[in-house]
Structures are given as C-alpha cells and as structure tokens.
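Asker: Using the hints, position chain R against chain G.
As given, the protein sequences belong to chains G and R, one line each in that order.
Under this note's numbering, residue 357 is the last one in the first sequence; the count climbs by one each step, no gaps.
Under this note's numbering, residue 397 is the last one in the second sequence; the count climbs by one each step, no gaps.
Take the hints with a grain of salt, since some may be wrong.
What the hints assert, rightly or not - Heads up, simulated DSSO-like pairs for lysine-lysine below, C-alpha to C-alpha not over 30 Å straight-line:
hint	chain 1	residue 1	chain 2	residue 2
1	R	227	G	146
2	R	80	R	114
3	R	227	G	228
4	R	80	G	204
5	R	114	R	256
6	G	146	G	228
7	G	204	G	228
8	G	146	G	204
9	R	227	G	211
10	R	114	G	204
11	R	261	R	114
12	G	228	G	211
13	R	114	G	211
Unchecked claim - Computed from the model, here is a short list of chain G residues facing chain R with C-beta under 10 Å:
hint	residue
14	139
15	147
16	222
17	250
18	298
Because the hints were derived from the structure by calculation, they are not lab data.
The model shown is predicted, which means the values in this text are computed figures rather than measured ones.
Backbone N, C-alpha and C define an ideal beta-carbon position, used for all residues, glycine too.
If you want the building blocks of each chain, they are given just below.
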Amino acid sequence: MTDSVFPENLIIVSGKGGVGKSSVAAATARLLARSENTVLVTLDPHDAPHPVFDVPLRYEPIEVAPRLSVCRIEALAAVREYVRRKLPFAGLYDAFLRGRMFRDFAEAAPGFRELMCLGKLYDLVTDSPFSRVVFDAPATGHLKTLLDVAKTTLAAVHVGPLNHNARKIQDLLLDPSRTRVLLVALPEEMALREAGELQEFCRQRRMTVGPVVINQWVAQRFSSDEVSALRQLRGSAALASAAAVCVGESELAAVQAEAVASLARSQRLHVPRFSDASTVHEKMIEALDRELRSRVD
Amino acid sequence: MSCAAVSIDFVRLVAEQRVIVCCGTGGVGKTTSAAALGVLAARQGRRALVMTIDPAKRLAQAMGLNDLDNDPQTVAVDASGALSAMMLDTKRTFDQMIETYAPSERIRDTIFENSYYQQLSSSLGGSRELIAMERVLEIITAGEFDLLIVDTPPAQHALDFLDAPQRLIDLLDGSLTRMLIAPYGVAARVQFNFFRQSSAAALKFMERLSGVEMLADLSNFLLAFSSMFDGLKSRSAKVMELMNESTTSFLLICAPEPVSLGQVNQFAERLEREQIAISGVLVNRVHPRVAGDSLTSDDIRILDEVAADSTAGRRFSQRVSDAVAEARALADADAHALAALKLSAHPSLSIPHFNRDLHSLDDLAEFAEILAGR
Chain G
61 MTDSVFPENL
71 IIVSGKGGVG
81 KSSVAAATAR
91 LLARSENTVL
101 VTLDPHDAPH
111 PVFDVPLRYE
121 PIEVAPRLSV
131 CRIEALAAVR
141 EYVRRKLPFA
151 GLYDAFLRGR
161 MFRDFAEAAP
171 GFRELMCLGK
181 LYDLVTDSPF
191 SRVVFDAPAT
201 GHLKTLLDVA
211 KTTLAAVHVG
221 PLNHNARKIQ
231 DLLLDPSRTR
241 VLLVALPEEM
251 ALREAGELQE
261 FCRQRRMTVG
271 PVVINQWVAQ
281 RFSSDEVSAL
291 RQLRGSAALA
301 SAAAVCVGES
311 ELAAVQAEAV
321 ASLARSQRLH
331 VPRFSDASTV
341 HEKMIEALDR
351 ELRSRVD
Chain R
24 MSCAAVSIDF
34 VRLVAEQRVI
44 VCCGTGGVGK
54 TTSAAALGVL
64 AARQGRRALV
74 MTIDPAKRLA
84 QAMGLNDLDN
94 DPQTVAVDAS
104 GALSAMMLDT
114 KRTFDQMIET
124 YAPSERIRDT
134 IFENSYYQQL
144 SSSLGGSREL
154 IAMERVLEII
164 TAGEFDLLIV
174 DTPPAQHALD
184 FLDAPQRLID
194 LLDGSLTRML
204 IAPYGVAARV
214 QFNFFRQSSA
224 AALKFMERLS
234 GVEMLADLSN
244 FLLAFSSMFD
254 GLKSRSAKVM
264 ELMNESTTSF
274 LLICAPEPVS
284 LGQVNQFAER
294 LEREQIAISG
304 VLVNRVHPRV
314 AGDSLTSDDI
324 RILDEVAADS
334 TAGRRFSQRV
344 SDAVAEARAL
354 ADADAHALAA
364 LKLSAHPSLS
374 IPHFNRDLHS
384 LDDLAEFAEI
394 LAGR
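Next up, chain G with everything else stripped away, as it sits in the complex (with noise of 0.2 Å):
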C-alpha cells in the first residue's frame, strides 16, 4: 500500500528546475488522496493556474479531485490569517497590512515571508480537515534556505510570535516521523547533483529524505549484441532509419543508467519519459505506483 511508503504526514517535493517537480507533486497527492484527505500546496508567487489541474490556485483550497485539493500559499495572506486569528482587534490593522509599506517590510526582513509561508503550511499539517499535506516545494537552492529559515529566525528572535511560531516550524520539518523530503530528479549530471546536495543537507539534519524520482528515464531496450547489429544493418532506408532510432535510443539509456549509477537501485524511482501528453499525469502516477510497490515487495 501506498500509505506504508509514505507515512509522513508531510511530504515536501523539491529537485532543479525543470525536472518535473510539480508533475511528481501532483501524483504523489494523487497516490495518497486514493485514501486520505490530500492537500497539495505549492509556494509559487506568480498568477498562473496549476500546470496539471488547471484550476486557478488561490490561497483557500479548492477541491479538484475526490479527496484532493490544492492550494497555493502566499506571505502576505499568511500574516494577515495570523494576525486575524491571534491578535486583538484584528481589524485595525488590516489597512496597513494591506499598504506599500507593509509589503516592502516582509520583503525586505530576512526570513519573515518564509516563516509565515512556513506557519501556514504548518497550520495546514496540525490544524486542517487534511491529514496529508504534499508541498510542491521551490528548486533545491531556495528550499535550504526555507528548511532552515527556523533556525535562523531563533537564532536572531528570542521571544515573541514569531520565536514562537518557529519552533513549531522547526519541531516539524526536522520530525522524521512526520515529514519527508521526496527528490525529482532527471538522470542528468546537474539535476542529480542537486538532488544528491539536498539529500546530504537533509541527512545532516537527520530528516526523513528520498527516495529520488528519476523524471524520464529510457529504459535500456537493446543487448549490446544488438546493438551491434544495428549499427551494421544494411536494407531499405526505413529500416535505416529506424536503425539509427534504436542505437540513438540505446546510447541515450546508456548514459543515464551510468548517471544515476551512484544511487542504489532502491533509491530510485523510475518514472519513463513519456511521449503523449494527454495521458502523461495518469501515467506517472500508474508508474510511481508500480515503483513504490516494488520497493515494498
């Protein structure tokens, strides 16, 4: 079962850019939402809609599927959720919240959006009708710093809401029993690389991390014999051309199975590139399914 993979209550998703990390997120949350409540959560400041669900992301979860919400978490809205909820006279300070003035505080004192984006998703594991949270996390660089804007916030802030509220933070991204990080990665020198700096900046901080969703991947479909006779084949042009398929196929396996070399196979999981992209969300998901099984079995 999916759930005895995954037990976490919080699974953040992150790798390089480009790597397929939103489309990973999107069928981990699909995985779990088969039996639980799942929200999927993504940090991206920009207006676009979900690249798989294509729904309008808002800042309230919005059911898309059985089951499965996403939502998108944004600082600002964050503090003013805050500030509703746990101060006094709330009201008073809504115009300002809402100001120039406001705005370039949060941007500019280090850490303070990342908290409160943090908060929020805490809120949303604690304090929620879902008892799974899937974070489409920022590329690898930005995720380390949020993994550790905690630290730092109670390094620098000693009392007061927000030394408060990081430690919670803190108590539940380093809780290996509560959370994990799941890497995305393509069998590619710099997006494994990435994944591998993640995984050891995990590991120091004794997190709940991997395995590595290896985006796609090419199967290795032919023998080096045949191979071999491939590259020798003499006959009609279409079967020279799809000769030169095949080899360029089989070089292109060749050198990812050496990229990911250095990963144990149960350390992976293979997600094939797929070529239509009308079934390719069901189909990662049929493929992280199979993965994850077989590394129960």
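Answerer: Relative to chain G, chain R alone:
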C-alpha cells in the same frame, strides 16, 4: 516546424552584437548554449567572454573554470578569435560594489558587519540579478572583450532577470526605509506629528511580529546603505541604457514543453514593450522527426534474422518498432508544443536532442556548428 519560418543567423549575431543575454527557465540548456555561442564567436574571430552562474561541473572543467574564479579565464579553443569564461561570485561582487560606493570606511565596515547585509548579499531575492547586471556593466566599460555572452541566474521565471534588480532598489529606497531611518534624517526635524505617530505604531507592530533585534539590524543597514543609493540608482539606469542599445540583444532559450514555451511568450512580450531587441528563440532538446516510412514485413523479417535468439519478452523486431513509434510520438509532441509558440515575428532555431550530456570542448564545438547552420 511552424515556428522556424526564419532561422537565427548566429554567425551574423556574434559578429554584430556586443552583449547577448541568454534567458529562459531552468533546465533548458541555457549554460551550454551560452558556452557554445562563445565558441562560435571565437571561431568567427571575436574576443568573446561567457559569463556564467552555476555551470555543470564537467562543463566548467572543460572551460577551465573552478569555483573561485570571479575574473575571466582564457579557454583553450582552436579559433582565430579568443574565448574567455568566468563564473559570477555574487558575494564578492557585492562586496566590491560596497567598497566602490561606500562614502567612508566606517560606513563600509558597518555594512560588512551587519548580519542583514550578510544575508542580502548571498540570498535575498534580486541580489544575484542586480550583481549580474553590475558585472555586465563593468566588463563592457572596461572594453576588453568584443562580445559578452551572459548566462542569467537560474530563476523560476525568466522575467526575474529584468524585474528583480528594480524590485530590490525600490525596496531599499521605499517608504519603509524612509520610516526606519527617519529618526536620523530630515523627517525627524519636520514637525509632522501625524506622520510620526502613525509610523511609531507601524514600527511597534512590526517589532511585535519580527522582534526588535531584527528591526534594529534592518534599520542600521538601511541607514548605512542609504548613502549609496545615488550611486546604485545611476548604475541601474546605465544598465537599462545598455539593454536598450542596438548592440545588445536577448536570446530566449527554451525546451519544447508547454511551461517553458509559455514563459518564453511572456518574456518576449515584455521585451517588446521595453523595446529591447530579441535576437531569436533557441529551442533546445527537440526530438527530430523520424525519416522514412513504416517498416515493411520484409524489414521485420530482416530484423528477426539479425537477432533471432531473443530471450523471453518482446521479439527484437517488436522492440525496434516500439522504439520507432516512441520516437515518432516524441517528435509529434514537440512539434505540437512548438506550434503554440506565438513568436512568428522572431527567428528561431530548433536544436536536436543530443542523447547525452554536453560537457567537453568538442561537444561545444559540435553545438556551435549546429548554431552556425553547418
């Protein structure tokens, strides 16, 4: 491909331009393309410099770069011109900028020691972009190179390269700064009671949210930094002038995927509004069309004779057919995605998927030949 109405004339581009800015989202081969363009320029007799941010290790090694180089290094290429490469060190360039613009040593040291500055110079949104722009201006002013090729920092959104520096300057020079440094500045002497009361309340509120230490740090930093705004702003205006010159152009780089292409469309619209020249759209990693017809029964027979003793699973000829069908589907999907590119006004060039990582100078030379249309 429908977007390839006019191909990009890269030979002419590297001959005529002084600055080429390579933009695009992460993971589309931006750095490799910039490096290949540098090789092409050197081969065309230009003294070219490729300024990169975070290259793949093997690519960096191939170009003779290590992590510490903030200055141009010569790359050993076989060319009539010359190629240099450099890796941008944000922190060091920011420090140099403070050295240059700080009006006194005391202010300089105050800034360097401020914990807020330490965060700003390494990670605050926009600082990397601001620094990249600053370095571009320095290099162009020094005039040591004929052509500067800029690989922009990896960003979630291509537009960040243009917007982030201004956002940062606005922030440092906005109402918040004026309020935080007001007690020391003009505003304190002017008897605007209302202003002072409301800002005191705002300060108190922000203190309550963030803690007094953080606010004090921020305030000290802004006070020290405010003496440099004029220098910073005039540099920023110069950068915009440089971007608008006819010898500067932006090369948009993308992959044949909806998200990447969508951003290229947005970015192009924006550049057009700002009247910044677009040299074209480079589409990397395109799966090429499979030549020839489907396999005939004769072809299938030949294949099965070649490798008849296939082990369990699909027969050899079936696997060949599968591979061909997949290659055709991938090419169709790319063509379909590219049809959505609304950039018929701009020249473009599709680069075939290389089926491997490019990381040697020979690889770059091969890429450069494709760019040159040879």
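Asker: For each hint, tell me whether it holds in the structure or not.
Answerer: Verification of the supplied hints:
Taking the CA atoms of residue 227 of chain R and residue 146 of chain G, the gap is about 16 Å. The hint holds against a cut of 30 Å. Only pairs whose Cα atoms come within 30 Å are accepted, and residue 80 of chain R paired with residue 114 of chain R is accepted, the gap being roughly 20 Å. Pair hint residue 227 of chain R plus residue 228 of chain G holds up; C-alpha atoms about 24 Å apart against a cutoff of 30 Å. A hinted pair counts as satisfied when its Cα atoms are at most 30 Å apart, and residue 80 of chain R with residue 204 of chain G qualifies at roughly 20 Å.
Among the hinted pairs, residue 114 of chain R with residue 256 of chain R is consistent with the structure: their alpha-carbon atoms are about 19 Å apart, no more than 30 Å. For the hint linking residue 146 of chain G to residue 228 of chain G, the alpha-carbon distance of about 15 Å falls within 30 Å, and the restraint holds. For the proposed pair residue 204 of chain G and residue 228 of chain G, the alpha carbon gap of about 18 Å is at most 30 Å, so the pair holds. Restraint check for residue 146 of chain G and residue 204 of chain G: the C-alpha separation of about 29 Å stays at or below 30 Å, so the hint holds.
For the given pair, residue 227 of chain R sits about 24 Å from residue 211 of chain G by alpha-carbon distance, which is consistent with the 30 Å threshold. Distance restraint check for residue 114 of chain R and residue 204 of chain G: the Cα-Cα separation of roughly 18 Å lies within the 30 Å cut-off, and the hinted pair is therefore satisfied. Distance hint between residue 261 of chain R and residue 114 of chain R is fulfilled; the C-alpha atoms sit about 22 Å from each other, no more than 30 Å. At roughly 11 Å between alpha-carbon atoms, residue 228 of chain G and residue 211 of chain G fall within 30 Å of each other, so this suggested pair holds.
At roughly 22 Å between alpha-carbon atoms, residue 114 of chain R and residue 211 of chain G fall within 30 Å of each other, so this suggested pair holds. For residue 139 of chain G, the interface hint holds, since its Cβ comes within 10 Å of a Cβ in chain R; the closest pair sits about 8 Å apart. Among the interface hints, the one on residue 147 of chain G holds; its C-beta lies about 8 Å from the nearest C-beta in chain R, closer than the 10 Å criterion. Below 10 Å, beta-carbon pairs count as interface contacts, and residue 222 of chain G has one with chain R at about 6 Å; its hint therefore holds.
For the restraint placing residue 250 of chain G at the interface with chain R, the shortest Cβ-Cβ distance is roughly 5 Å, inside the 10 Å limit, so the hint holds. A least Cβ separation of about 4 Å between residue 298 of chain G and chain R falls short of the 10 Å threshold, and the interface hint therefore holds.
Checked against the numbered hints above, the structure violates none of them.
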